[in-house]
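Trainee: Each protein sequence line maps, in turn, to chains A and B.
In terms of the working numbering, the first sequence has 17 at position 17, counting the first letter as 1, and numbering is strictly consecutive.
In terms of the working numbering, the second sequence has 251 at position 251, counting the first letter as 1, and numbering is strictly consecutive.
For the record, the hints were derived by calculation from the structure and aren't laboratory data.
There could be a bad hint or two in this list.
27 Å max Cα-Cα, derived DSSO-like pairs, lysine-lysine [said to hold, decoys possible]:
1) 31(B) x 41(A)
2) 141(B) x 31(B)
3) 41(A) x 278(B)
4) 41(B) x 31(A)
There are 2 protein chains.
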Amino acid sequence: MQTYIDCYPCVLRQVIEAARMANASPSQARKIVQETLDILKSLPEGATPPAIGSQAHRTVREITGNQDPYAEVKREATEKALSMLPQLHKIIDSSQDHLETAIRLSIAGNIMDFGPNPDYDLWEVIEAVLHQDFAVNDLPKLYEYLGRSQSILFLGDNAGEHVFDKVLIEQLTLPVTYVVRGGPVLNDVTMADAVAIGLDQTAEVMDNGARVPGTIVSMCNPKFQERFRTADLILAKGMGNYETLSEVQAPIFFLLQVKCPIIGADIGVPVGSTVIKKGLDT
Amino acid sequence: MQTYIDCYPCVLRQVIEAARMANASPSQARKIVQETLDILKSLPEGATPPAIGSQAHRTVREITGNQDPYAEVKREATEKALSMLPQLHKIIDSSQDHLETAIRLSIAGNIMDFGPNPDYDLWEVIEAVLHQDFAVNDLPKLYEYLGRSQSILFLGDNAGEHVFDKVLIEQLTLPVTYVVRGGPVLNDVTMADAVAIGLDQTAEVMDNGARVPGTIVSMCNPKFQERFRTADLILAKGMGNYETLSEVQAPIFFLLQVKCPIIGADIGVPVGSTVIKKGLDT
């Protein structure tokens, strides 16, 4: 997805938030904002929002020296998600279609963004996602792909959300490789976050080598690039993966909650929508 | 009030909104955003948010050729406010303290920002402002000033809101000079807007000569500067006037709704607060 001008204020807002999370001093924060204005001024043609985010969050790390400003937020989100596990399993066990319910729960987990929500919010989202219609529903096509694929490349998104992904992976019969970011960036899931919840016991976990809040294939390590090129089914969670992969031809399905009006407009659905969307045909 | 870094994304968002209201083409909109990034990059020390807004909205006018992007929004807000007049008068007539009620209504009208709200919202705000405590309450001091002043310099804010100001002015026994902006900028009230509702029948109306969504005295015309310098009581409506005059020594009272967390933090009250605040002592 291209960067729309409406993304500019949002990038700036996010960077200020990150500077605050990194305990930037007022002068550091001003410097971070100045450098972000420079980044926005000189965007290369076709830069996606996560590409900008990647640069901007590197600036935050470089200026503050804080390598993981969202560490605490990620820890809290993960703890909250772990505390919900027994209930999530109960919901699946008592459902008619375990796989669809697990897919819905994984998408519901995508709401775990920008820090923890109060309990009732998260449960409200889960209730809604369990019962609402998909605004884009390529689930039948996803089932087709599941039936004819040998394995799944699963692109993770946020920490906390990855607990919900683990619940889904447990319901999948195909072997899964779970891909995490190459290092801390925003609240995105990393190898340490995955190992901390035992995701490496449920799936192969690999990092893509890039510190980008999305998946820019050309910036990833050769191992990931090879896996991506040869995958027969890719599940991509969240908005960052959508923004960076929506125009890439691959056997990919985007599973996300639409939390931003710009991405909503790009997909053609309102904010709050639950989406399972097949990517560009290969 | 100084410009906080949190104001940057907000300025950018506002300018994109203004570009859209001015029917900017995609390339014009990109140019407007680029120029706004330049403005933000090279802010002079101590520039207030309305000073930036003034520059940014001039850019919108220059690039699109649209001299008044908010004309329609202002017209609709004014019509809505006029349609409420009979009820506003009824509220005052049936109140115990006509003046305080009129002051509260004038502050409630300050919610008429960024276009019209659905009816029930506005009435909800009016209900709340009529009954809630002031988060900062310099009303007793304002009454003192009203008792010892010869006249009032009344600094208007938004179109639509000015209808509520007229209702207040009708309750004031002192002669009032109502000050409007020097030309259309954002949805701020201008001479044409004031004359359209007959404000010139209730008060002397003058424009301050500056196309700024606030009051930067040094940018105003000599006539206004003289009036400002010699005033014994100034009422200043809304956030833009607060942002530009909060550090100016003058016999000024700010009447506003706090609609922005940054201004709230500056005053020390939460968003949604109703404020009557005495300015810096002379």
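Trainee: Indicate, hint by hint, whether the structure satisfies it.
Mentor: Status of each hint after checking the structure:
no.: 1; hint: 31(B) x 41(A); verdict: 11 Å, holds
no.: 2; hint: 141(B) x 31(B); verdict: 48 Å, violated
no.: 3; hint: 41(A) x 278(B); verdict: 41 Å, violated
no.: 4; hint: 41(B) x 31(A); verdict: 11 Å, holds
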